[in-house]
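**Student:** Here is what each chain is made of, one letter per residue.
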Amino acid sequence: MSSRRSRQSSSGARISDDQIVQLISKLQQLLPGTRIQRSNKASASKVLQETCTYVRSLHREVDDLSDRLSQLLSTIDADSPEASIIRSLIM
Amino acid sequence: MNLCQQNANSKEAKMHNSCQLEKEFINKWVQGLQICNSSSKKMNLLERKKKIKLSADIAIASAKNLTTSWSKAIISEATKDEQNMTLVKNVCGPESKFMYAHQKVTSHKRTTSKKILKKCYGVHRKMKKMEPCRGSNLATCIAKRLVKKRTQVLKRLVPGGELMDEYSVIKEALDYILSLKVQVDVMKNLVNVTTSLS
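Chains A and B supply the protein sequences, listed in that same order. Residues 1 to 91 in my numbering are what the first sequence lists, from first letter to last. Residues 1001 to 1198 in my numbering are what the second sequence lists, from first letter to last.
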């Protein structure tokens, strides 16, 4: 009991440690790959690090996909009926 | 038993929410793309890509309907450029007018005043940090510092994160990641469809 509570809640103590731990565990569930859940702060920093990596990779994916789309759409000048479908949809 | 039901319900609710978000995103993105492409017929690859990305970002932010800070940050950032105004107005609707006009002023004020504060107390803060780490507290201290460090990085990644406190930025990151996933999924599908048709 005392080992958990001995964590000193410093500045910003309005938000309890438990709330932060809950958030971190929710974050963990979103990340790709499976991990054993732990409630101490050491793994919280790991979860945060992986979150940052994941967000960066998602940003990169959006960038790549935008790239590919722009290439595909610029080459879609063909007169095929399928091309006209796409053209009418997003152009 | 109730807990299981609750879990199942919340999972269903989550699925429903993300389906809803997907639909909203698709509608708004298609709208945005049409607006972008109607303006100028000849665009080079880079311009086209920027427009696609911009319309996707605005679409996913606007699909959130002003419920999250990151989405508001994206829209207010987009409105800083005059050229994007038609796009934002048409995709987001007129309600966003009040939101981004206000956001522009306050966010700027907050960042400058924060910068000034940081400069003033930078040294003092560094000295304060060095103090409490001794003996048995060392592990907790290091862990706390790591968490703070990582949260700082996360703040830069989540739109509008610089203005948030630690707790909010983690909360916003949760929603932001879900929305990014939706965005990526839809974009992937469109790419696949376009590839298979061309």
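There's no promise every hint is true.
Ranges between beta-carbon positions, derived for each pair [stated by the list, open to error]:
id	chain 1	residue 1	chain 2	residue 2	range
1	A	59	B	1065	15 to 25 angstroms
2	B	1167	A	59	19 to 29 angstroms
3	B	1148	A	26	13 to 23 angstroms
4	B	1149	A	75	11 to 21 angstroms
5	B	1083	A	25	39 to 49 angstroms
6	A	25	B	1152	18 to 28 angstroms
7	A	22	B	1197	40 to 50 angstroms
8	B	1118	A	64	42 to 52 angstroms
9	A	64	B	1196	53 to 63 angstroms
10	A	32	B	1137	29 to 39 angstroms
11	B	1018	A	64	19 to 29 angstroms
12	A	85	B	1118	17 to 27 angstroms
Because the hints were derived from the structure by calculation, they are not lab data. Ideal Cβ positions, reconstructed from N, Cα and C, are used throughout, including at glycine.
**Student:** Which of the numbered hints above does this structure break?
**Tutor:** 4, 8, 9 and 12
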